[in-house]
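Asker: To convert, count from 1 in the sequence shown and add 99; that's this note's numbering.
Be aware that a few hints might be false.
What the hints assert, rightly or not - Cβ-Cβ distance ranges computed for the label pairs, FRET-style:
#1 A213 x L177: 46 to 52 Å
#2 A210 x V173: 45 to 51 Å
#3 T190 x L222: 42 to 48 Å
#4 T156 x L126: 33 to 39 Å
#5 S178 x F219: 55 to 61 Å
#6 A143 x V184: 25 to 31 Å
#7 L123 x A143: 15 to 21 Å
#8 V173 x S195: 30 to 36 Å
Hints were generated in silico from the structure; no laboratory data involved. No residue lacks a Cβ here, since even glycine has one placed at the ideal position from N, Cα and C.
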Amino acid sequence: MRAMPRWFWILIGLAVASAMGAVLVFLYTHPAAAAVLRDILIIALAMQLTLLAAVTTFLIYRLIRLVDWLQEEVRPILSRAQETVNTVHGTSAFLSRRLARPVIEAAGMAAGVAHALRTFVRLLRGRAS
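With these hints in hand, go ahead and build the complete structure from the sequences.
Answerer: Structure (structure tokens):
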């Protein structure tokens, strides 16, 4: 969509300002019509305020219900998640003690033996030459 040129918006602003000026002049010259319009606007604002209060009350009620629901639903989920974390922690500690540490010690021992054998073989080759 193509943007409207600047002069178009200037014309729109001038038209709105002219219409507002014409309404103000009319209301100034006809005070009875101004009083009726004032009363209508006051009634409209009161109705709008009443509607806004009702919507705000409804939204607060829904927010309270949401918080209650979250407390009922999320707490058990967090409790189960904490149990799972504790189980995983226990399992990893058990595996570390019973499996990982012996495997690491055996691998270290094997590496030490392999290094000792290589050194021994070099020494033997050095004497043979």
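Asker: Work down the list of hints and note, for each, if the structure agrees.
Answerer: Hints and how they fare:
For A213 and L177, the hinted distance range of 46 to 52 Å is satisfied, since their beta carbons lie about 50 Å from each other. About 50 Å separates the C-beta atoms of A210 and V173, a value consistent with the hinted range of 45 to 51 Å. In this structure the hint that T190 and L222 lie 42 to 48 Å apart at CB holds, the actual value being about 46 Å. Take T156 and L126: their Cβ atoms lie about 36 Å apart, and the range 33 to 39 Å holds.
For the pair S178 and F219, the beta carbons lie near 60 Å from each other, so the given range of 55 to 61 Å is met. For A143 and V184, the Cβ-Cβ distance of about 58 Å falls outside the hinted range of 25 to 31 Å, so the restraint is violated. Look at L123 against A143: about 19 Å separates their beta carbons, and that is inside 15 to 21 Å. Distance hint for V173 and S195: a CB-CB separation of about 32 Å, consistent with the stated range 30 to 36 Å.
Against the hints set out earlier in the document, a violation occurs for number 6 only.
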